[in-house]
Amino acid sequence: MTRESASERPMLEIRNLHATAGGVPILKGIDLVIRAGEVHAIMGPNGSGKSTLANVLAGKPGYAVTAGEVLFEGRDLTALAPEARAREGIFLAFQYPVEIPGVSNMYFLKQAANAVRAHRGMEELDAMEFLSLAREKMKLVEMSEALMSRAINEGFSGGEKKRNEILQMAVLEPRLAVLDETDSGLDIDALRIVANGVNALRGPARALLVITHYQRLLDFIVPDRVHVLSGGRIVKSGGKELAHELEAKGYGWIEKEAAA
Amino acid sequence: MSNESLEQLANRDYRWGFTTPIEQDVVEPGLSEDVIRFISAKKNEPAWMVDWRLEAYRRWQKLSEPHHWANVHYPPIDYQAIRYYAAPKAKPKLDSLDELDPELRRTYEKLGISLDEQKRLAGVAVDAVFDSVSVATTFKKELEKHGIIFCPFSEAVHKAPELVKQYLGSVVPQGDNFFAALNSAVFTDGSFVYIPPGVRCPMELSTYFRINASETGQFERTLIIADRGAYVSYLEGCTAPQRDENQLHAAVVELIALDDAEIKYSTVQNWYPGDAEGRGGIYNFVTKRGKCVGRRSKISWTQVETGSAITWKYPSCILLGDESVGEFYSVALTAKRQQADTGTKMIHIGKRTRSTIISKGISAGRGQNSYRGLVRIQKGADGARNYSQCDSLLIGSECGAHTFPYLEVANPTAQVEHEATTSKIGEDQLFYCQQRGISEEDAVNMIVNGFCKRVLRELPMEFAVEAQKLLGVSLEGAVG
Numbered sequence: 011m012t013r014e015s016a017s018e019r020p021m022l023e024i025r026n027l028h029a030t031a032g033g034v035p036i037l038k039g040i041d042l043v044i045r046a047g048e049v050h051a052i053m054g055p056n057g058s059g060k061s062t063l064a065n066v067l068a069g070k071p072g073y074a075v076t077a078g079e080v081l082f083e084g085r086d087l088t089a090l091a092p093e094a095r096a097r098e099g100i101f102l103a104f105q106y107p108v109e110i111p112g113v114s115n116m117y118f119l120k121q122a123a124n125a126v127r128a129h130r131g132m133e134e135l136d137a138m139e140f141l142s143l144a145r146e147k148m149k150l151v152e153m154s155e156a157l158m159s160r161a162i163n164e165g166f167s168g169g170e171k172k173r174n175e176i177l178q179m180a181v182l183e184p185r186l187a188v189l190d191e192t193d194s195g196l197d198i199d200a201l202r203i204v205a206n207g208v209n210a211l212r213g214p215a216r217a218l219l220v221i222t223h224y225q226r227l228l229d230f231i232v233p234d235r236v237h238v239l240s241g242g243r244i245v246k247s248g249g250k251e252l253a254h255e256l257e258a259k260g261y262g263w264i265e266k267e268a269a270a
Numbered sequence: 059m060s061n062e063s064l065e066q067l068a069n070r071d072y073r074w075g076f077t078t079p080i081e082q083d084v085v086e087p088g089l090s091e092d093v094i095r096f097i098s099a100k101k102n103e104p105a106w107m108v109d110w111r112l113e114a115y116r117r118w119q120k121l122s123e124p125h126h127w128a129n130v131h132y133p134p135i136d137y138q139a140i141r142y143y144a145a146p147k148a149k150p151k152l153d154s155l156d157e158l159d160p161e162l163r164r165t166y167e168k169l170g171i172s173l174d175e176q177k178r179l180a181g182v183a184v185d186a187v188f189d190s191v192s193v194a195t196t197f198k199k200e201l202e203k204h205g206i207i208f209c210p211f212s213e214a215v216h217k218a219p220e221l222v223k224q225y226l227g228s229v230v231p232q233g234d235n236f237f238a239a240l241n242s243a244v245f246t247d248g249s250f251v252y253i254p255p256g257v258r259c260p261m262e263l264s265t266y267f268r269i270n271a272s273e274t275g276q277f278e279r280t281l282i283i284a285d286r287g288a289y290v291s292y293l294e295g296c297t298a299p300q301r302d303e304n305q306l307h308a309a310v311v312e313l314i315a316l317d318d319a320e321i322k323y324s325t326v327q328n329w330y331p332g333d334a335e336g337r338g339g340i341y342n343f344v345t346k347r348g349k350c351v352g353r354r355s356k357i358s359w360t361q362v363e364t365g366s367a368i369t370w371k372y373p374s375c376i377l378l379g380d381e382s383v384g385e386f387y388s389v390a391l392t393a394k395r396q397q398a399d400t401g402t403k404m405i406h407i408g409k410r411t412r413s414t415i416i417s418k419g420i421s422a423g424r425g426q427n428s429y430r431g432l433v434r435i436q437k438g439a440d441g442a443r444n445y446s447q448c449d450s451l452l453i454g455s456e457c458g459a460h461t462f463p464y465l466e467v468a469n470p471t472a473q474v475e476h477e478a479t480t481s482k483i484g485e486d487q488l489f490y491c492q493q494r495g496i497s498e499e500d501a502v503n504m505i506v507n508g509f510c511k512r513v514l515r516e517l518p519m520e521f522a523v524e525a526q527k528l529l530g531v532s533l534e535g536a537v538g
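Respectively, the protein sequence lines represent chains A and B. Under the numbering used here, think of the first position of the first sequence as 11, with each following residue one higher. Under the numbering used here, think of the first position of the second sequence as 59, with each following residue one higher.
Everything labelled a hint here was simulated from the structure, so no lab data went into it. Incorrect hints may have been included.
[Unchecked claim] Straight-line C-alpha distance at most 30 Å; calculated DSS-like pairs for lysine-lysine:
#: 1; chain 1: B; residue 1: Lys223; chain 2: B; residue 2: Lys482
#: 2; chain 1: A; residue 1: Lys70; chain 2: B; residue 2: Lys511
#: 3; chain 1: B; residue 1: Lys120; chain 2: B; residue 2: Lys223
#: 4; chain 1: A; residue 1: Lys70; chain 2: B; residue 2: Lys527
#: 5; chain 1: A; residue 1: Lys259; chain 2: A; residue 2: Lys38
#: 6; chain 1: B; residue 1: Lys482; chain 2: A; residue 2: Lys70
#: 7; chain 1: A; residue 1: Lys250; chain 2: A; residue 2: Lys149
#: 8; chain 1: A; residue 1: Lys246; chain 2: A; residue 2: Lys70
#: 9; chain 1: A; residue 1: Lys38; chain 2: A; residue 2: Lys70
All chains should be built: construct the whole structure from the sequences, respecting the hints.
Put into structure tokens, the structure is as follows:
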């Protein structure tokens, strides 16, 4: 029983989460609480379970929760199908966005927007209404019209793919956005564009979970909290300065500290 | 979920499976010279037509079913158990569409085909073939103003005997293959089109084939002639009731394009595919071939094949005239236990002839999908060019895709290119769509339609929309 009122209730509560990927145990007891308006960063070495956490939150097939719970606005998230989670407001910016040949980027975005709007009891947007909404959001990430008429991510550069992810986020207006290594493969200019897009979407009603290997992204998207994931557990949490400490010292010292 | 809605869900795969309660004029099952004479007499055919049929029958008796090479499997067909003629009873000659049997009119309305000229939005003229006979042809008068003949085949034999005599069998001869010979002997109706020199047909012409009677085969014959510099776009659609038995559909289509003429032939084939266990469904064994007789003539086939238990068809082009062009755009979908062995033949004879083949095969459920295509460049075809692309998409793990390309090049100046891919609808693609709020079913539709886009955009607008919907319906429940 919770005594908190709705406004005080965390957006996301993860309690003792254990999960497997392809049958292999990866997450071994995660506890994490994120409130509306907050930006949390998850850092950690390769293989620590960062992407597994993102995929478990989004409900990707092949990932199974074996213990613990995940509550999104007080409701059991794990009981929902992936599309239901998306409609409820969970957005995952993929580390490797897929290509879908023959399906126009703009058409896809409109279908997604209208599916989410229908769920929220809003009217579907017609082609013209959607176009003006899309154009406004495209400015955020400097997306060109040419990329919108091409097939989803087909032949896009790494930077274009990541900008496309943030554009989708801007149009779908999620409550909780999980950015899975959005900085990987980006040069500094592309990183700046993507980060500016993300920052424009920060707000009191929205939470962000930024997963990254490097501190570099966190210079642009400054987090409220930083968590270090190692061996499927959060081994250290702190403020934004923790990211700098990690950058200077590497992950080794934390792993040692955690083992001690 | 209530029983009623469950039932709706179970029955929704084939919406066209109803039967029209109408009195039928049928012949007893079986095939003989007498049956052929009976059909011919029903149509008031002249002697030359009867002789032509009987000659075909004699050839058919010497041929055997093409079982050995096509990648399709079915029990032997008993040709004596099939009815070769069925027609709605007591149909006097119709002077106007208003006299059409209301039951038939309702049938076509249920199928989404309005035979009411006033009600049609776009300019599409329709010939409606119900079992063995044509029951209505719209916009005849309008077309006659341009000198265009668009009528049931049975009428053309009387109306344009010289054209029929000259061209019937000129592309697909009586003894071409087993099913074509059978068709030549017993064909009952179909459409005839003649576009005079220099005329661009002002509207789409279409034939809507409907099988209704049980135990009956449908053997229609279509002949389209585009005279010098003429253009026509022709559409064909087909459905059949849901039955446990297999029904044979063996059609022949012949296209002739003279100098600078162009024929665009589009098919959306949606015969009853049978149920999930493979019971029932249409055997769609069809011979379609076009001859680019004239210089710079063009024949373009576009097909979307979603129905039938078994599809065996190879819409082909004989590129005789110099600089003539042949095109084949195909989407073939096999779900449930459907089998398809389909593709094309491009025969390059004239100089600088060009052909394009774009084939998209989709397999789901326990469907088996084969592409079979021949590109032959004959000795005199200097500078001939072909481009072929065959892509297969697999949905699930119990289906199959096969590609059988044949290449015969006898001229060293020819250029032939062939590309082929096979892919599976990726879990990653589905998940990506779902993570954006799109349901799994909509995601599959979207991915499949994207895969077929290159072909679908060749279809006239109205048809393209119908084809997209059909692909979606045919794949319901194929994933998950």
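field: Pair hint outcome, lysine 223 (chain B) versus lysine 482 (chain B) [Cα-Cα no greater than 30 Å]
entry: At roughly 49 Å apart (the allowed maximum being 30 Å), lysine 482 (chain B) and lysine 223 (chain B) break the hint.
message: For a C-alpha distance cap of 30 Å, please report whether lysine 259 (chain A) and lysine 38 (chain A) respect it.
response: Between lysine 259 (chain A) and lysine 38 (chain A) the Cα gap is close to 25 Å, so the pair holds against 30 Å.
- request: For the pair supplied as a hint, lysine 482 (chain B) and lysine 70 (chain A), confirm whether the alpha-carbon distance does not exceed 30 Å.
  value: Holds, because 18 Å separates the two Cα atoms, which is no more than 30 Å.
- request: Would you check the hint for lysine 250 (chain A) and lysine 149 (chain A), treating anything up to 30 Å between C-alpha atoms as holding?
  value: Between lysine 250 (chain A) and lysine 149 (chain A) the Cα gap is close to 29 Å, so the pair holds against 30 Å.
- request: Given the hint that lysine 246 (chain A) pairs with lysine 70 (chain A), test it: the Cα-Cα distance must not exceed 30 Å.
  value: With Cα atoms ~27 Å apart, lysine 246 (chain A) and lysine 70 (chain A) stay inside 30 Å; holds.
- prompt: Holds or violated: lysine 70 (chain A) with lysine 511 (chain B), Cα cutoff 30 Å?
  reply: Holds. Lysine 70 (chain A) to lysine 511 (chain B) sits at ~28 Å (cutoff 30 Å).
task: For the pair supplied as a hint, lysine 120 (chain B) and lysine 223 (chain B), confirm whether the alpha-carbon distance does not exceed 30 Å.
output: 24 Å, holds
- prompt: When you check the alpha-carbon spacing of lysine 70 (chain A) and lysine 527 (chain B), does it fall within 30 Å?
  reply: 28 Å, holds
task: Compare the distance between the alpha carbons of lysine 38 (chain A) and lysine 70 (chain A) with 30 Å, and conclude whether the hinted pair is satisfied.
output: 18 Å, holds
Of the hints listed earlier, the one the structure fails to meet is number 1.
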